[in-house]
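Enquirer: Please build the complex by placing chain B on the supplied structure of chain A, with the hints as guidance.
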Amino acid sequence: NAGVTQTPKFRILKIGQSMTLQCTQDMNHNYMYWYRQDPGMGLKLIYYSVGAGITDKGEVPNGYNVSRSTTEDFPLRLELAAPSQTSVYFCASSLTSGVGTQYFGPGTRLLVL
Amino acid sequence: GQQLNQSPQSMFIQEGEDVSMNCTSSSIFNTWLWYKQDPGEGPVLLIALYKAGELTSNGRLTAQFGITRKDSFLNISASIPSDVGIYFCAGQNAGGTSYGKLTFGQGTILTVHP
Numbered sequence: 001n002a003g004v005t006q007t008p009k010f011r012i013l014k015i016g017q018s019m020t021l022q023c024t025q026d027m028n029h030n031y032m033y034w035y036r037q038d039p040g041m042g043l044k045l046i047y048y049s050v051g052a053g054i055t056d057k058g059e060v061p062n063g064y065n066v067s068r069s070t071t072e073d074f075p076l077r078l079e080l081a082a083p084s085q086t087s088v089y090f091c092a093s094s095l096t097s098g099v100g101t102q103y104f105g106p107g108t109r110l111l112v113l
Numbered sequence: 001g002q003q004l005n006q007s008p009q010s011m012f013i014q015e016g017e018d019v020s021m022n023c024t025s026s027s028i029f030n031t032w033l034w035y036k037q038d039p040g041e042g043p044v045l046l047i048a049l050y051k052a053g054e055l056t057s058n059g060r061l062t063a064q065f066g067i068t069r070k071d072s073f074l075n076i077s078a079s080i081p082s083d084v085g086i087y088f089c090a091g092q093n094a095g096g097t098s099y100g101k102l103t104f105g106q107g108t109i110l111t112v113h114p
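Those protein sequences? They're chains A and B, same order as listed.
Under the working numbering, the first residue of the first sequence is numbered 1, with each subsequent residue one higher.
Under the working numbering, the first residue of the second sequence is numbered 1, with each subsequent residue one higher.
Here chain B stands alone, though its shape is the one from the complex:
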């Protein structure tokens, strides 16, 4: 089946620093999604990308849909303590018999030191 490799596995940064993480796949996806999970909670959607090459921002977050459709990147600028959590990428092939099933990366654990 499809596999996603997400890196880095964890990051320890100082408040104010920028953060970059990425996800690569063994096969193409039509949609890339980035979720954040706070402790004890379910994942919450941050950004959705629907087109190869697309660059989308949501506040301090910027994500890109790789041109090959096999990768995606998430950047967080000027990190703050509430950015702490686990960030997941997910690929989706919508339509047909996929029924919107998501394939998740392993997650990036982000720790921000004040």
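Chain A on its own, in the form it takes in the complex:
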């Protein structure tokens, strides 16, 4: 199994541009999460999904959108990039919500100029 994969690894955007961060897991996990990590800070939850077709907001959802059309994929969309969205983005998945183990992807480093 590849686990959780994310693309791209790194991206530079201009203010106002849009992009989609891709996340795929091959572990048949129901639960998927998007976090952002700012320098010197822990990870903050942006959006999460408990299964295909079901998504909900996390702690910092403003400026982002998600969709979950399949179990495997959970893309994160930035519609109008802002400098405040410069961060490292991590996707994670877990089989259930109750046992703690979330598997993280390698991250996407985004710079908005």
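Note that these hints are calculated values from the structure, not bench results.
Careful: at least some of the hints might be erroneous.
What the hints assert, rightly or not - Okay, the calculated beta carbon distance ranges per label pair:
{"hint": "1", "chain 1": "B", "residue 1": "F12", "chain 2": "A", "residue 2": "P75", "range": "38 to 46 Å"}
{"hint": "2", "chain 1": "A", "residue 1": "P61", "chain 2": "B", "residue 2": "S77", "range": "35 to 43 Å"}
{"hint": "3", "chain 1": "B", "residue 1": "S20", "chain 2": "A", "residue 2": "A52", "range": "39 to 47 Å"}
Small disclaimer: the values here were computed from a predicted structure and weren't measured.
Note that the Cβ used here is the ideal one computed from N, Cα and C, for glycine as well.
Expert: Showing chain B alone in chain A's frame:
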């Protein structure tokens, strides 16, 4: 919302020394987790704690779930250079409408000098 305070923010130690770090919360958690993040990688789970007072080991790592459920501790014994990285605590309230959401501490940056 819930907040976690993790300390220390950074540590510079000599190889062979023991390390201690802790995490405190303004509210209780049902589960405490400790993750390690290597540069350019995502966090990897080290230890999960599910019961107040629980003490769990994973090799040279030992973690404890505080009796009040508002804190947790991680100890690393006999540190080695590959212990370098950022260590995060995370609290979780499983079940119900929490959907396994994790609340993370700010991280402890560990540097080990050979």
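Enquirer: Taking the hints in turn, state whether each one holds.
Expert: Verification of the supplied hints:
no.	hint	verdict
1	B:F12 <-> A:P75: 38 to 46 Å	holds, 40 Å
2	A:P61 <-> B:S77: 35 to 43 Å	holds, 41 Å
3	B:S20 <-> A:A52: 39 to 47 Å	holds, 43 Å
In the structure shown, no violation is registered for any of the earlier numbered hints.
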